[in-house]
Each structure stands twice: as C-alpha cells, then as structure tokens.
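Based on the provided sequences and hints, a complete structural model is requested.
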Amino acid sequence: MATRNSILRCGYLLPRVLLLWALLDVMLRFAPAQWSTFRASEYAMVTGPHDMGPYRTNFTYQNPHAYGDLASLSNCIDCRRYRPMIIHADGRGFANTQSSGSYNAILVGDSFGIGAEQPSDATLGSQISQRTGLSIYNACWPGRTITREQLMELIDQLGMTGGTVFYELMDRSLGSVLSSEEDPAPLRINQWSKNAEYSPLANLSRQIVGRLHNGQLMPNPDLANAARKTLPDGQTILFFNEDLQNATPRKTAFFAKYFRVLNKELHQRGFRLIVILVPSKYTVYQPLIKDARGTNKSKAMRELENQLDVPVANTTTALQQAAAEALKHGELLYWPDDTHWNAEGVRVAAAQIQSEYLADFSQRPGIAKVKSVSQKRVR
Amino acid sequence: MLFNSRVFLFAFLPVAYFVFWKLSSKQLRYMWLTIAGYVFYSFWNYKFCAIMAFSTLVSYTAGIGFLHFQDSLHRKLCLIVPIVVDLSLLSFFKYLGIWNFAFSSGEWLTSLWGMDAASSLLWKFHFHSFLWSRTLLEGALLPVGISFYTFHTISYIVDSYRGTIKPTKNIFEFAGYVALFPQLIAGPIVRFRQVEDDLEHLDTADRRSGLDIGWSYLVIGLIKKVLIADTIAAIINPGLGSFSTLGTAGAWLCALGYTYQIYFDFSGYSDMAVGLAHMFGIRLPPNFNSPYKAIDPSDFWRRWHISLSTCLRDYLYIPLGGNRNGMYRNLLITMLLGGIWHGANWTFLVWGGYHGGLLILYKSFHEQWDALPTILRRGAMFLLSIIGWVIFRAESFAMATQWLRKMFYPTSGYMFTGAVVLLACVAVAAAIAHAAPNTFEISHQRSPRAACALAAGLVCCLIMITGGQRSPFLYFQF
Numbered sequence: 351m352a353t354r355n356s357i358l359r360c361g362y363l364l365p366r367v368l369l370l371w372a373l374l375d376v377m378l379r380f381a382p383a384q385w386s387t388f389r390a391s392e393y394a395m396v397t398g399p400h401d402m403g404p405y406r407t408n409f410t411y412q413n414p415h416a417y418g419d420l421a422s423l424s425n426c427i428d429c430r431r432y433r434p435m436i437i438h439a440d441g442r443g444f445a446n447t448q449s450s451g452s453y454n455a456i457l458v459g460d461s462f463g464i465g466a467e468q469p470s471d472a473t474l475g476s477q478i479s480q481r482t483g484l485s486i487y488n489a490c491w492p493g494r495t496i497t498r499e500q501l502m503e504l505i506d507q508l509g510m511t512g513g514t515v516f517y518e519l520m521d522r523s524l525g526s527v528l529s530s531e532e533d534p535a536p537l538r539i540n541q542w543s544k545n546a547e548y549s550p551l552a553n554l555s556r557q558i559v560g561r562l563h564n565g566q567l568m569p570n571p572d573l574a575n576a577a578r579k580t581l582p583d584g585q586t587i588l589f590f591n592e593d594l595q596n597a598t599p600r601k602t603a604f605f606a607k608y609f610r611v612l613n614k615e616l617h618q619r620g621f622r623l624i625v626i627l628v629p630s631k632y633t634v635y636q637p638l639i640k641d642a643r644g645t646n647k648s649k650a651m652r653e654l655e656n657q658l659d660v661p662v663a664n665t666t667t668a669l670q671q672a673a674a675e676a677l678k679h680g681e682l683l684y685w686p687d688d689t690h691w692n693a694e695g696v697r698v699a700a701a702q703i704q705s706e707y708l709a710d711f712s713q714r715p716g717i718a719k720v721k722s723v724s725q726k727r728v729r
Numbered sequence: 016m017l018f019n020s021r022v023f024l025f026a027f028l029p030v031a032y033f034v035f036w037k038l039s040s041k042q043l044r045y046m047w048l049t050i051a052g053y054v055f056y057s058f059w060n061y062k063f064c065a066i067m068a069f070s071t072l073v074s075y076t077a078g079i080g081f082l083h084f085q086d087s088l089h090r091k092l093c094l095i096v097p098i099v100v101d102l103s104l105l106s107f108f109k110y111l112g113i114w115n116f117a118f119s120s121g122e123w124l125t126s127l128w129g130m131d132a133a134s135s136l137l138w139k140f141h142f143h144s145f146l147w148s149r150t151l152l153e154g155a156l157l158p159v160g161i162s163f164y165t166f167h168t169i170s171y172i173v174d175s176y177r178g179t180i181k182p183t184k185n186i187f188e189f190a191g192y193v194a195l196f197p198q199l200i201a202g203p204i205v206r207f208r209q210v211e212d213d214l215e216h217l218d219t220a221d222r223r224s225g226l227d228i229g230w231s232y233l234v235i236g237l238i239k240k241v242l243i244a245d246t247i248a249a250i251i252n253p254g255l256g257s258f259s260t261l262g263t264a265g266a267w268l269c270a271l272g273y274t275y276q277i278y279f280d281f282s283g284y285s286d287m288a289v290g291l292a293h294m295f296g297i298r299l300p301p302n303f304n305s306p307y308k309a310i311d312p313s314d315f316w317r318r319w320h321i322s323l324s325t326c327l328r329d330y331l332y333i334p335l336g337g338n339r340n341g342m343y344r345n346l347l348i349t350m351l352l353g354g355i356w357h358g359a360n361w362t363f364l365v366w367g368g369y370h371g372g373l374l375i376l377y378k379s380f381h382e383q384w385d386a387l388p389t390i391l392r393r394g395a396m397f398l399l400s401i402i403g404w405v406i407f408r409a410e411s412f413a414m415a416t417q418w419l420r421k422m423f424y425p426t427s428g429y430m431f432t433g434a435v436v437l438l439a440c441v442a443v444a445a446a447i448a449h450a451a452p453n454t455f456e457i458s459h460q461r462s463p464r465a466a467c468a469l470a471a472g473l474v475c476c477l478i479m480i481t482g483g484q485r486s487p488f489l490y491f492q493f
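Protein chains in written order, with the working numbering: chain Z, 351 to 729; chain S, 16 to 493.
Hints are computed from structural coordinates only; laboratory data are not their basis. Misleading hints may appear alongside valid ones.
Claimed, not checked - A few chain S residues that face chain Z, going by a derived Cβ cut-off under 10 Å, partial list only:
#1 Arg223
#2 Asp227
#3 Met294
#4 Met430
#5 Gly433
#6 Pro463
#7 Arg464
Treat the numbers as computed from the prediction; the structure is a model and nothing was measured. We put the CB at the ideal spot given by N, CA and C, even for glycine.
Next up, the structure:
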C-alpha cells in the first residue's frame, strides 16, 4: 500500500502526469519545426510571429522527409512519397531568399505560387523570372492570397513605383465559399490564438492515432478527405475532394469584378496586372481517368478569362495536354500524394505564362489594356 | 466542454480546483461551485445558462415556499407549479420533435381506423400546425443536460414537499447543487439529500482525503471512456453506417460492441463525475454496480443507471401504486416513461416497453426463473440486455428489427474494418464487466504499482485525446 506521503499515490502521481504533459506541450513548441510537421505549409499556417507573410520571419524550414498534403489529409500512409523540402522565409515572412532588392514584379497567389515542394530555383516565381528576366518578389500564401490592402502595403514597403503583378488564381477558388464579397481573403489570422492552438505534441499524437486508424487495423475516418483514382497506366493518384465540385457562376462574376477593381488600383500606381489561371490537379487529370465525373471548372476558367480586361495566362489547356503527353512515359506533372504540381508542372505553366507575358508585352509595351493571346484564341 | 478534452483537463479543472480550495468559507465555495458550473455549461451554449438559472430559481422559490407555508393548499401549489414549469421546459426543448413521430403515427392511425376524409384532414391540419411551430423553433437546440438538472430540481421539490429534506435558504447552496459540474451534463442524478451533508460541511472538507480517491476514479473513468468505449465506437459506428451490408457475424459484433460501449462510456462518465466531486469534497453515490452480472431483469435495474432507476421508482412507480395496486400496469408505465426520457424516438419507447415487459414476465415467473442455475440466468439476462441495446441503438424501428433478424437468422454479408481490434476490445471489456470488481468495489488507496499502471493508462488517454480521437459521451444526448 502507498503511504500518505508516498509519491506513488494517485493523488500525487496522476496530476503530475498531467502537469508534465502540459510542460512537454509547451517545450516542444520551441523544438525544430521539422520534428513534428510533415511540410512547411502546415507549419506556416499556424506559427508566427509574422510581419506580413505566412512564415516565421528570417526562417528556414528544412525537412528531408516531407510528403504530400493529400496523403496527410486522408491519413494514407501507403500513399506517402517522401521527398526533401526546404523553404527560406525573408524578413516579411514570405518565401524569398532575401527581403530587399530591386524588384520589378510581384507574384501573388497561394501554395501553387510558393512552389510547394520545389527547390527555390524551380518555384513558379523563379521560373517566370528566368524566362522573362523580371526580378520577382514571391508574395504567395499557402491556402489563401494576400488581400488588396496587404498587396498595396507590400508595394510601399518594397519601394516599387511600377512594374508587374502576377496574380495566380486556382480554379478551386471558383468553387469554394468566399469569406466576403469584398476581397478573396480579407480575414487576418488571429496569430495569438493560432499560436496557442498549434501544438507539436498534438501533431505527434495525431500521427500515433493515425497509425491506429489506418484503414486496416481500425477504420480510417479521414479516408474520405481525398479521392483516390487510378490513371490509365495503373498509377494511383489522390485528389482533393473539393476539386471534384463544380464552379459557381457567382464566384466567376465575383472574381471578374475583383480583378477589375484591383487592376484599376494597380494601374494608378503604375503597375500592370497579369492573371495566371491555374487548374486543380483534378481538372488536369480528369479527362485521362476512365469514368471520372467531369466538372465545369475548365469552362468557368474560360468564362472568367473572357470577362477580364487584363492579360490572362490560362494554363489549363497547356497542362492538360502536357499531362497526357507525360503520362505516355509514366510521368506526372503533379505529385501523386499532393494537390500541387511538381517541377515539370511548374515548368509547363511557366512556359505558358512566358508566352502570354511576351505576347502582351510586345503588343503593349506600356500599361495600356490589351487582350491576351489566349483570349483572342478563344474568341 | 468534455471531461476528456484538453481545455477541461489542463485549464478548467486546475483553475476550478485551486480557487475552490483557496476559498475558506462555505458561502464562497458555494458561489465558486455555482460560477464554475455555469462556466462549464456555457461552453456548450451560454444562452442555455438562462434556462438553468430560471429552473434553479423556480425550484429554490418553491423550497422557500415549503418553509413558509404549512397549509395543504399552498404546499400543493408549491409542489405542482414548479414541477409543471420544469417539465414544460423539458418538454418544450426535448420533446418538440415528438410531434414528428405523432404525426407519422397519426397518418397510420387514420388509415387503420378508416377515419373519414374530413376527420383525417383535420387531424393532419392539427399536426401540421405543430410542425409549423417546430420549424419556427428549429434554431432551438436541445440544451445539453436538461433531462438531468430537471430531475435534480424536481427531486428537490418533491423531497421538500414530502419532508424528506429541509429546503435550504441559501440560494448559492442550491444553485451550487444544481450546477455542480461533475454531474451537471449526464448525471448521476444526485438527489439533494444524498449530498446535503457534504454541502453543509463544505468548509471543513479535507482536501487531501479526497485527492487519491478522486484521481483514481477520474483516471479509471477516463480509461474506460477513451481507451475502451471510444475505440469500440470508432469501429462499430462506420460498421453500422453501412448496416445493410452486414452479415450475422457483423451484426453480432456490432451488438456486442455497442453493449460494452454504452456501459464503458456511461459508467466511465459516472466514475469521472464521482472522482471530480471527491476532489471538491463531495461524495456522489454509485451509478453502476456491474450491471452485466445481473441475474434477472429486476437485478439489472438495481445495477444499471442506479440514480435514474431509483428516481423512477421513488417519484413515479411508488406514487402510481407500486407493488400494491396494479403492479404490472405501474411497471409498464414507469419503464415506458423511462424509455421516452431518453428522447423523442420510437426506439426509446420500444426499449422502455421491452424492459417493462421483461420485468412483468419476471414478476410473473420469478419462481421458475430463480430455480435456474445462476450462470444460466446471468447469461440469459446478458443476452436479453443485448437485444435491448440493439433496439436502443437502432436509428429506427425498422433498423432494429432488421438488425435482430440478421443476428438470429444466418445471413451472409460483409465484415467491417477493425473486426480484429473490436474482438480484442470486446474481450477486454467482457473480462472487466463480467469478471472483475467494479470501480466501487475496489480499494482506491492504491499500491504504488497500481498508481503507476493508472499513470500509464492516463498517458495513453492523453495521446488519444491530444491526437484527436475524441467523442462526446453517449448520455449527453439524453
């Protein structure tokens, strides 16, 4: 029997186990991020402090065993494709190797713009930069885009008086719920609460629980978060479930209006806006998959393109064609376990953007409004 | 806020505990228990605190009335008015949906009775008007725990009327009793007289004496809930989600799984409630006494959800006439009402009727039943309780009949994922439920080895809780 003064009493030991757990939770928050995260985006979404961008400022995230977001979302351990990942965040928290410099272009967008798991010289920003000779500041944010207000603030901070803004818009945005009619992402993340919520210990515990709920030992409740399809060559590929939904006309109209307003504001500051329309992985691969239900996203992207009075680089057709071609050699333009494109996908998109940019530049050396080449082709 | 949530374990409980023991006077401790109870409750929906406060105030006023009035008329008014108010609140929120099933049965009845077109139309109009009022109130969700605190307040009023207890003049003592967070949401249904003594001596309670026993109960309850009940639930819920594809083996596994899940879930919650109350110097009565060791239906109800069955006995069965006047009728009414107390659903009513029927049969043939060997009676009672849980768990009467048919009529079908883990969990659960002493039978002055085992269990629970496997207690919905 435990005596009243023994430390091995329930009343002494058990509350201290709770206390130790809480201390461990706090201590692990100071441990290197790659210990408890599977990729930078996950870490970036929840940690701070930031100045403007998504990442911790002047921060390098390095993970030799990163894997895809869809494998994580659907807790599919077999689907994981491990790869190294490194991201440098600048003094503003954006994915750039340096904070200052003379920039003449800004890339606004989501994780597709950041480059996901690409090396820094293979991201969309770097690829466009190499192809156009522009010096591009990457202002992309995983899962959302910066607001108009933040963009103007960034332009002021960078001391830019003119140039080009590339705005990368993914077709998922035409189907997802908007938080406001004013701006695609006007909500500022409450960093205090996000920091409090973020727990490496919870991440590690989730991985343990995930091993139990793996779909074999126990049912996997996260399995439905990703759609699993088979390509004609037998490869299994995961898709984000939301990408199987249709676009809504209201969202198309909203973005047409949004880009008009943004273009006007940028025009006044001496900038020109080039919109990059990026298809989701499902839009690219759906035509290649037998019995896969089609969506109206390609059509919605064309409609948006037609409604815009700014140059547009719609990368949908180029990526669909390149994907079909690459598949003949058993290659993919997107990671099989991730929503994002791989280096080859980025290269195809950058080539398309380059041709749109050069076509627009040759027709309009200043900032006068002209139709893009792709728009002319459609019409 | 769930007992098995991080916010409860790491924030609410430590704050509630340390502030409580820092306060020295009884009055301040009552006030703190009341505040803590309302904060705890507001995590679900702070708006519903007003309903609980109103119910508390009405019952407290009735208690004061009993102290003031000695004449029969006033005392009866003090009895009836608050009970009507409390039951009206309960019916309004909990049984609004009952009109749905009354309507569906109404249509069936009109056709059965060959009612003429005009009467049928009138009947439909009548129920449509109720349904319309329901749509108006669609936003009115069920306030969690209303069934439990309504029972608390009603038992207080009835006991005061009967003179079993002396109503308290201290509003915070009463409010602290109603809002006592360990038992606020899912019981046990603690009667005022059961905790009156501890409440009266709250200022002289010994913090250290309740600590060992309190933590022991709390962690045992947590292990029962998180490691056993939730693991079973994680396997059988998807299995029952594709119920139509189940075969006989799958149907039996689901039935067995649910039988143990509901026991470990609810008794785990009750153990945690008892442990938490101990930490605050209050001793709650046992709510479960190894119900699956029961040897007959009467024995089962003396062991399962003891606080509910004793309330039904004392406040319903005995006033109806008990064993003396219309025993079978009284049993059936009591069990039907006990069933419908769980919610507005046919399956709960049928489950109540089923247990009422079992009790009647047992009362009629108890001599023959009692002559059987104990092991046979125990096995048969367990089988009967499994059948009851199938009815209770089924989403509809049709599902219940199909489920039972699959169990007793060999059907081929698919076996759900996790059957092996479920079998292992069921084996562990069965060993504990049928062979081991229950939480109230074991000593909580534990050996160092037992304390270390509980600590290891707690770490496993924390991994599961932090890792996201968390589900509400089954009895929260009732």
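Given S/Asp227 as an interface hint, is the shortest Cβ-Cβ distance to chain Z below 10 Å? Given a least distance of 4 Å, the restraint on S/Asp227 holds.
Taking the least C-beta to C-beta distance, is S/Met430 closer than 10 Å to chain Z? violated, 12 Å
Is the interface hint satisfied for S/Met294? The criterion is a beta-carbon contact with chain Z at less than 10 Å. holds, 9 Å
Can you verify the interface hint for S/Arg464: is its Cβ closer than 10 Å to any Cβ in chain Z? holds, 8 Å
Does S/Arg223 pass the interface hint, meaning its C-beta sits closer than 10 Å to a C-beta of chain Z? holds, 7 Å
If you take the shortest Cβ to Cβ gap from S/Pro463 to chain Z, is it below 10 Å? OK, holds: S/Pro463 within 10 Å of chain Z, min 3 Å.
Given S/Gly433 was flagged as interface, is its beta-carbon under 10 Å from a beta-carbon of chain Z? holds, 4 Å
Going through the hint list in order, the structure does not satisfy hint 4, though it satisfies all others.
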